[in-house]
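Peer 1: If you want the building blocks of each chain, they are given just below.
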Amino acid sequence: MDALVNKRIKKVLKGDQNAFAEIVELYQHQLYQICYRMLNNKHEAEDIAQEAFMRAYVNLHTFDQQRKFSTWLYRIATNLCIDRIRKKKPDYHLDAEVRGTEGLDMYSSIASDDQLPEEELMRMEVQERVQYEISRLPDKYRAAIVLKYIEELPLAEISEILDLPLGTVKTRIHRGREALRKQLSNL
Amino acid sequence: MNTCPENIIQYMDDYLDGDINAADEAVLKAHLESCIDCRKQYHELTKTIAFVQSASHIQAPADFVQKTMQRLPKQSQRGGVQRWFRKNPILTAAALFCILMSAALFTNFNDDQQFAFTKQENLVVEGETVVVPEGQVVTGDITVRNGDIRVEGELRGDVTIVNGKYMASSGVITGEIEEIDRAFEWLWYQIKSGVKEAATIFSGSEDTEE
Numbered sequence: 003m004d005a006l007v008n009k010r011i012k013k014v015l016k017g018d019q020n021a022f023a024e025i026v027e028l029y030q031h032q033l034y035q036i037c038y039r040m041l042n043n044k045h046e047a048e049d050i051a052q053e054a055f056m057r058a059y060v061n062l063h064t065f066d067q068q069r070k071f072s073t074w075l076y077r078i079a080t081n082l083c084i085d086r087i088r089k090k091k092p093d094y095h096l097d098a099e100v101r102g103t104e105g106l107d108m109y110s111s112i113a114s115d116d117q118l119p120e121e122e123l124m125r126m127e128v129q130e131r132v133q134y135e136i137s138r139l140p141d142k143y144r145a146a147i148v149l150k151y152i153e154e155l156p157l158a159e160i161s162e163i164l165d166l167p168l169g170t171v172k173t174r175i176h177r178g179r180e181a182l183r184k185q186l187s188n189l
Numbered sequence: 002m003n004t005c006p007e008n009i010i011q012y013m014d015d016y017l018d019g020d021i022n023a024a025d026e027a028v029l030k031a032h033l034e035s036c037i038d039c040r041k042q043y044h045e046l047t048k049t050i051a052f053v054q055s056a057s058h059i060q061a062p063a064d065f066v067q068k069t070m071q072r073l074p075k076q077s078q079r080g081g082v083q084r085w086f087r088k089n090p091i092l093t094a095a096a097l098f099c100i101l102m103s104a105a106l107f108t109n110f111n112d113d114q115q116f117a118f119t120k121q122e123n124l125v126v127e128g129e130t131v132v133v134p135e136g137q138v139v140t141g142d143i144t145v146r147n148g149d150i151r152v153e154g155e156l157r158g159d160v161t162i163v164n165g166k167y168m169a170s171s172g173v174i175t176g177e178i179e180e181i182d183r184a185f186e187w188l189w190y191q192i193k194s195g196v197k198e199a200a201t202i203f204s205g206s207e208d209t210e211e
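Residue numbers (my numbering), protein chains in the order written: chain F, 3 to 189; chain X, 2 to 211.
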């Protein structure tokens, strides 16, 4: 697989843009899946996954072909996802009154984002519910859990993708796992 | 579970990570046999993992590859040039140097399209013509750019005219007259005066030493 990918990479570096389409073909589903699980939104997942491929293409000359291409690609994608998640978080003062509304502050407008009511949770299909609970994890745990349990990557690779020491990756997986256990306890 | 040894949680995590040695595993198993709370915790965790893993593997939309390719910058040709630059860093540096040097020299020439002259006492300016008035004495060298010079009085020094004319008149000039018109002459003049300046500095420093 790696030899095959490296061959394509060499072609792309020589100016053959079509060879990159084959690379996209190979990794599209995994990359899209990571983005979808991280962002919990199909449009955003598509946008970020495409952005990740685009950045990989533009920076392909910086990729060290001794290493694993998927690790490098996933790293670009997870960084983009984490950036996107952080941008979505309101960074203004929550108790500032929203313009044009009387007495409404930011708390009231984000309250719905926090947690769905019990009866709505109960109506969800299991898979939908799992996706929802993953998306409620703090982003650091979310990335680790997605890579470990959905992509089923080895810990060493996750540590390389997230650029974190192995111990930290383990801790995040343990905490994420424990948080999910609590969130899913009524399932 | 609060009464259970600390390391059991650790072993459980290691076990779930698939990263546990046989001895620890045996300890964990023995403990799970005897402790209901830990067994419950263990089952819930495995159930959680199973749920997460059961999240169906979703696929990218059908037109994903096509859309991604459309988003790539169209740069096959520019890419070629960039690659050439990356492969030949020394040639690139040399080329860049040449470009910047010539650009600097020519901008220098072009920047000086405006009328300018060396300020000396008693000089009079009429439009774009510098005049040494009748009966006056001007001491020092004069450089006029993009303008003319007319000497009616006396000038004790050299005259350099760039893109302009020396208009003959009744005046007296004790130095040399030089007219520079074209870019290459301008270049040559720049080099010459650069060398002269360096020589002056050199001899100047010698003077101070003496």
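No lab work stands behind these hints: they were computed from the structure.
Given the structure is predicted, the values throughout are model-derived calculations rather than measurements.
There could be a bad hint or two in this list.
List of simulated lysine-lysine pairs, DSSO-like, C-alpha gap at most 27 Å [unchecked claim]: (1) F:K13 x X:K48; (2) X:K48 x F:K9; (3) F:K13 x X:K30; (4) F:K172 x X:K88; (5) F:K16 x X:K41; (6) F:K172 x X:K41; (7) X:K193 x F:K16; (8) F:K184 x X:K193; (9) F:K44 x X:K41; (10) X:K88 x F:K12; (11) X:K68 x F:K90; (12) F:K16 x X:K48; (13) X:K193 x F:K9; (14) X:K68 x F:K12; (15) X:K41 x F:K12; (16) X:K88 x F:K70; (17) X:K48 x F:K172; (18) F:K70 x X:K41; (19) F:K12 x F:K44; (20) F:K70 x F:K12; (21) X:K68 x X:K41; (22) X:K30 x F:K184; (23) F:K142 x X:K48; (24) F:K184 x X:K48; (25) F:K9 x X:K88; (26) F:K13 x X:K41.
Peer 1: Looking at the structure, which of the earlier hints fail to hold?
Peer 2: Violated hints: 1, 2, 3, 4, 5, 7, 8, 9, 12, 13, 15, 18, 19, 21 and 26; rest satisfied.
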